[in-house]
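For reference, the chains in residue letters:
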Amino acid sequence: MNGQENMTTDDGYVSGSHLLQPGVLDTSHGVVLYLDDVTVSFDGFRALNKLSFSVDVGELRCIIGPNGAGKTTMMDSITGKTRPDSGSLFFGQTLDLTRMSEAEIAQAGIGRKFQKPTVFEQHTVFENLELALKCDKRIWHSLFGKLTGQQRDAIDEIMNTIVLQELANSRAGLLSHGQKQWLEIGMLLAQQPQLLLLDEPVAGMTDHETERTAELLNTLAGKHSIVVVEHDMDFVASIARKVTVLHEGSVLAEGDMATVQSNEQVIEVYLGR
Amino acid sequence: MHSNYQPFLLRLLGNSRWVGYAVALTVICILIPVLNLAVPEDSALHLSDYTVSLLGKILCYAMVALAMDLVWGYTGILSLGHGIFFALGGYAFGMYLMREAADAGSQLPNFMVFLDWHEYPWYWAGSDSFIFTLLLVVLAPGLLAFIFGWFAFRSRIKGVYFSIITQALTYAFMLLFFRNETGFGGNNGFTDFKTILGIPIATAETRIVLFALSGLALLAMLWMSHRIVESKFGRVLTAIRDAESRVMFSGYNPLHYKLAIWTLSAMMCGVAGALYVPQVGIINPSEMSPANSIEIAIWTAVGGRGTLIGPLIGAGAVTALKSWFTASFPEYWLYFLGGLFIVVTLYMPQGVMGLGKKLLGKKS
Ligand SMILES: Nc1ncnc2c1ncn2[C@@H]1O[C@H](COP(=O)(O)OP(=O)(O)OP(=O)(O)O)[C@@H](O)[C@H]1O
Ligand SMILES: [Mg+2]
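For the protein sequence lines, the chains are G and H, in the order given.
Take the first sequence: its letter number 57 is residue 57 in the working numbering, and every next letter is one higher.
Take the second sequence: its letter number 205 is residue 205 in the working numbering, and every next letter is one higher.
Derived from the structure by calculation, the hints contain no laboratory data.
The beta carbon of each residue, even a glycine, is placed where N, CA and C say it ideally should be.
Please note that a few of the clues may not be correct.
[As the list claims (entries may be wrong)] What the simulated footprint calls covered on chain G by chain H, stretch by stretch (three residues with Cβ under 8 Å from a Cβ of chain H suffice, anywhere in the stretch; the number is not a length):
1. 90-104
2. 117-123
3. 143-156
4. 225-231
This is chain G alone, in the form it adopts within the complex (with noise of 0.2 Å):
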């Protein structure tokens, strides 16, 4: 960690040195996340079928899928959750996810945003953001570290970018839908990461906070690299810089909205269902 912490500039990208540095995260060449041949089965069904693609540093990536795709899939074999059969799983030039654990990927600097909003329902607003604060999570410094002043700073800091600081003493459990959304949302800005990958963040959202979700990830894009999987096209189209179709495990188009859309493969298989 400490390592890490002295290679990084302030945003998080290792600067100048070409060293191979375990455990730091090396996106000199321009791409944070690396996909090659990845196959996951489940009892003999391919969900991800030798995907291949790769994620620009500073990226904004929208996943399109039909349901079953394997879009979740793809975020749990980058995140450690499902092991992949074959094929290889890179963040950076040289951090072989298939080799680290879950806490291990998400302390090396990617977070995950889950299909399902996914927040300490039990804690505070603002308990919740202090456990996903960027720190030493170990036990010693869980039992006897305090927050800093510029870590309390950090979490109001978040709080008002997701509009929750009059709920930062309120229990999670009690938000509605799209408040919890933008809470993990907050949650992964504590984290930090480099990549940031969303599963359906504006699920169950209105129109209203989608829209102000779409301006949070367009703020978001160029600081982080993100990849958003969404079935909700109008903000996919509000967002996208590049779009990634996935069927039946592996890539069926790329490019700019206005392709895809116009690709007859992506209009038959969006259709034909």
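Add chain H with the ligands to chain G, keeping to what the hints say.
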């Protein structure tokens, strides 16, 4: 929260928890000893030796219920084998007591003589040292918990599977300790203790000292548990209970957290067992029976999971009920216990504490 210029005493009083500790301390170390030893026996205020030993037992059970609550109430891990840790602490201390009793007669304990053994087996080494015994009281249950927990948590065994395996663990140990050749007295276990540190064990004074030590140990554990659940460590534990995957993806390794609280909980049970044995004068493998461990879970459920005071109340209330039941109609106790568990699970998920909160809430 408190302004700095408040006098220390006022701050102390303003914090009802410290008042609670102070009251409990006075009751345990002064009031009860005086009522037992100084007040004449014909007085209505006199506390009988029987009551003192029952209270002492309850204090030990309360420690176990508290330990259970840390893993079940706060971390969501239901153990149905906590009796093993309690019993191991008890056996560890029992070895010392047996050895003192035997050394006085410069002979091995009777059960070893019957086995035709001529010296203590290797794992009795050190049991003649009081200090070593104190270490063993926490290390034996701690080590077992650590090893068991490491395998179980690493394989991500959870929920009812975990509970069943803990039942199997305590049952297996019970069978092991039933064997005479295991070297712990078989089904009779250890009894006929004579002295602790050379002081006769069966006197009123020794009994009251053991009682007070149990009270102090319980208060210390309560204070430690408060510190734990109110630290970020405690918040991580509850987070693991409520959404373990979110904890992992936030960069925590739940294995370390579960293992730490699990092992600590087992050590607390060990201390409770060690204080229990000299007060009741016997330890045998029935303490490891699956039913005993289930009873521990019931104490915690009745009192209120996820509160620190609840389990203490639960242990006290259920034990008091039990001693009344087993005196009046012993054959119905297990039915009653089962019924109680069902009622509490269905209608009082927060136990007595939850009920109390509801009633108070309605009044105001
Ligand atoms: N643990 C599992 N065991 C068996 N099959 C699974 C498992 N997880 C996913 N699948 C299957 O893998 C396929 C891909 O699922 P996945 O959840 O990745 O789809 P998705 O693209 O996220 O769909 P949606 O848009 O509905 O969220 C589905 O057919 C699903 O049934
Ligand atoms: Mg999905």
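List of violated hint numbers, smallest to largest: 4
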